[in-house]
Amino acid sequence: MGETIIDLQNVTRVYQQGDVGVQALRGVSLQFESGEFCALCGPSGSGKTTLLNLIGALDIPTSGRVTLEGHDLSQLNRRQLSHLRRDRIGFVFQAYNLIPVLTAYENAELVLSVQGVGDTERREKVMSLLQAVGLDGKEDRFPRELSGGEQQRVAIARALASDPAVILADEPTANVDSDTAKLLLDLMQALNEQHAATFIFSTHDERVIERAKRIIRMVDGQIDNISFPGGGS
Amino acid sequence: MSRVSGHSIPVIAWRNLWRNRRRTLLTLSSITFGVFLSVMFTAMQDRNWSDMIDLAAKLGGGHVTISHLEYRETPSLKKSISDASPLAQAALRQTSVARVVQRISGPVMLNTASESYGASFIAYDPAQEDASTLSFLDSDALLAGRMFANDNEKGIILGYKLAENLNAELDNRIVYTMTDKNGDIVSGLARLIGTIKTGAPNLDARLSLLPLSTVREIVAYDSDEVTQLAVFIEDQRDSEAVAMLLDSVIGTQNLAVLPWNISQPDLAAFIALKLGGTRFMSAFIALLVTAGIFNTLFVSVMERMREFGILMAIGFTPLKLFSLVMMESLWLALVGLLGAALLTTGPYLYLASTGIDTSAILADQGSMDVAGVAMSTTLKVGIFPESLAVIAIAAIIATLLAGFYPAWRAGTVEPVDAIKLV
Ligand SMILES: Nc1ncnc2c1ncn2[C@@H]1O[C@H](COP(=O)(O)OP(=O)(O)OP(=O)(O)O)[C@@H](O)[C@H]1O
Ligand SMILES: [Mg+2]
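Residue numbers (my numbering), protein chains in the order written: chain A, 1 to 233; chain B, 1 to 422.
Looking at chain B on its own, in the form it has when it is part of the complex (with noise of 0.2 Å):
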């Protein structure tokens, strides 16, 4: 006759686990239902903030800002570096670093011949940019005329309310006007080829576009002389990493490495915000799910004092009854993350590839904007790899937790007190 080892702790908490079937599978389904809302909420939390930090970096100077040190606090031409094309070479170099482009950007006045209207403007190279490093390049952002076809040619492109607010019409002359790198006013003449929505209100209303050589040449730039790299990297999480890190390898007295969250603060406040309040919910939820564990536990070790009074008087340390009841809560752990797993894979997956379309919630606000960032209306999720571990991980600390006293009950029984108990 083959039989199982008998009782090894695990085998008889496993089978005390389902003495109160109807009990365990109700703790089960707590556990398992509040891992499953743990979990989504997270990773649409960590989707969401990480869509929307890759999109500010694509809105503005990448997850990582090179420029000079004081262009900060004065975005002026005469705070530039000088030379652009070493230093980001020096930065590709690291590991983590996917993409480095440069750029000059800061305030200008344009001037149609009825309007006049002060704006923000990024000179970029078109053949070194794409919409993964700025998103208006994307063809669904041109609301019309084209994008630049090479780095000097004599064209503008406005967000489409600045063009409205400036009467320009496609092929207009824009007359656009700035400070060179000497203090002097400059001027240059652009034809309007192209305008641009990107749901974000100050950009539609306050951006230009200018070729990166042709700028270069108006504000006395030399041609390897910049205000801005932006530099780009696989995961945004790296970005303050990163920043140390090329802020040691190619930083000078003059250079500024800033990661997004200080160059772009409003917007670090509001996610940091936010995530404190996905945690509040995941605490909140794993309080709830602990005690519901520990009123299971409990009720359970009460029912079966005597039974531990037996086991105590025939041998069993208190140390071993203790790991009994710990081993049953650990049992509910384990079961309870594994129905969270069967739970969770399937919704998870359709959010993450196919997502909802929140479009019809969000229909009359026309775009959700969120510190000047623009959102996509589709609800995806996508968790960090860490996150999910730290929800795993706290699930079974709680039950631990919970079950602690009761086990501690069932360890400190009095043997000749239980037994009379019938």
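So here's chain A without its partners, still in its complex pose (with noise of 0.2 Å):
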């Protein structure tokens, strides 16, 4: 595979309850290359979302180090990583993704503008992302006028908008029924092969968790276990 372009080293995470730490993270050392279509699985309270905000630059360890694409992330000032966010990573998270005010179209189109990309461009890249995700026909329609798997398309479409090195879904089908879980995996699976990005999702769902092609699996702030479904190294 690619180059390596998430590296944890050693990474602990405290949160400060009162008087008593709860260790959400004890010392994670991993690594990621690009194009990766990975799973984090474990049971609940495993550690998978403060792992995953971690790698996406929302929250900062206690202890160790996060480097993203060669930038060490202790290193960023707020603003920086705003833009290292925008930029360069992708979040879906669990439900209500979107900005209610906004139509599909504008949702996703949302960070390539915070970019300032122009406008040809932007619709271009818009459209047929929209597409891909099977929503045309109902780019102007607001949130409240889409089921909950098509506000997740329109969520992964936002996400893919900007070509980010990485996209971070945190239990994106925990809130859609199974068949369509397996449409939007399809549709994750599809879009990591067209795309150079590297998908990282956690989730509850062993079917979800077959699709990809590495699991990691988390137990009490720590990795259990890495396995690789399709065999490979």
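A few of these clues could be false.
As the list claims (entries may be wrong) - Which residues of chain B face chain A? A few of them, derived with a C-beta cut under 7 Å, are: (1) Val416; (2) Ile419; (3) Leu421.
Rather than coming from a laboratory, the hints here were simulated on the basis of the structure.
The structure presented is a predicted model; accordingly, all values stated were derived computationally and were not measured.
Ideal placement from N, C-alpha and C gives every residue a C-beta, glycine not left out.
Hey, can you piece these two chains together into the complex? The hints should help.
So this is what it looks like as structure tokens:
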């Protein structure tokens, strides 16, 4: 596969809860390569969301180091982190990802217009992505006029629009039925093949897990096991 | 397909405004109504005091009075200006100066066959003056008889109360006695040709009018000698500036050039007090409106924390989120002001042109008299453009201030925590 784009070195994250510290991550070291399609699984409370937030530059580790495309995240200020998220990372959350006052088209376009991408290029990109996620004809609908699955597809289109290095999806299928989950996974897989972006998604759903090329199983803030269902290295 | 280029901050802010239509409409109406009240109060005051100052100028020495330096302390005819015409001409050359009139005034003793009263007199040139320089020359003020026909007739006009006190009827003889330029006691004889009613009790009981040339002769003045030049200007608010200008242009060691607020300090103090009241009222309204806007924006920001977290996650900077909320409050201000403009225009135009007759309310008082100045009983409005600008800018600033803290909260959202909220 490609080169290493994400590097976690002995990362810990302790949440302070009053006097007690909750150890959400206890020394995680991990690398991700470009173009990966990777699942994070493990019991509730095992640290999946915490790990994704750290990779996505939304949170900072208590100790250890997170490096994204060579940038040590602890060295960046708030604004630089914002720009890094805008330009190199795409997020898909469990639900209610979209801005209610913007249409599907406008939601998908949002990151591009924040980046200042020109009108024509923006339109081409967004229309082709909406088509790719199967939403052509529904561009002008507002989120409340879309089903949960359709909303997630718009979120995926938005995450991909800026050609990020990595797409982080925290339980993207948790709020949809299993048929829709399968559709979303097909979509993500296809997009992963077309675009160079690394996909990292967390899930509890066994059928979703088995679609991954690499499965990272977490238990109690640590990596319990890494497997490669398709064989491979 | 043509689309509005999606999400410039103003567009998102505008749509956000209408997410809770009822709440936004309530806030907008409070801005609109607050601005309406402020404008109406201020317009009433601006007009009222302006009219009052103009009237005071027409009752006394003009917007700016030029006299001998010591005349104000001791209004004696010894303290005169000897070269009135060149001074008047020099003053008239200043752009804001509309008119300059010459007068002699001072204390006088009046005698009829049966009575004797002390009073004050104004001697003016009937050819030079009219109701816009001396308000009692208005035909409404004339109670009986007539005004002067020429500048050297042997007539006198009295406040009607003074005439009553003197037991003087039209055409009766009246002897007036004053101290002339040289300190000698001199007298003149005149017939009562008219009585006036000004509405101001102290004028009706104490004022007498005489023709200028007649008095000049009696008090041994030269042909160009007066005690006072009354200067009238277009906009009373320029009084102080014009007084300073005239002082620098024509001032000498012996001349005092005083704006109305110094020559009539009682009136100036009264108006300053009233204006302070209006400002306080406007500030209070602004505070209420600001609190309302703050509440709306704060609640709406707190409801949207998750959304701000997502925006932050996908790359909005803190500054951009801050601007988004500030833009929402700016929209509130602008739409509120537009509403205020629509609401205010009709009533304002009506009150500015037609006005409301308050005489019924004031009937038992007879007349309104402030610091010796009788006021009209028709309530009218007229706002200075500057006052309007101040109100509009204050409304925008108040709205932005109200938006500041909510916007700051939006800009400092912690995405990790916010996104957990569903
Ligand atoms: N803000 C917080 N304050 C305190 N403790 C927290 C906070 N966020 C997470 N934790 C704790 O950290 C641990 C890891 O949480 P995390 O959300 O990463 O788990 P997860 O694997 O995503 O679980 P799930 O599958 O339920 O989403 C848990 O024990 C959780 O209680
Ligand atoms: Mg989680």
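Results for each hint:
At a threshold of 7 Å, the smallest CB-CB gap from Val416 (chain B) to chain A is about 5 Å, leaving the interface hint in force. At its closest, the beta carbon of Ile419 (chain B) sits 6 Å from a beta carbon of chain A; the interface hint therefore holds under the 7 Å criterion. Interface hint at Leu421 (chain B): violated, since its Cβ lies 10 Å from the closest Cβ of chain A, which is beyond the 7 Å cut-off.
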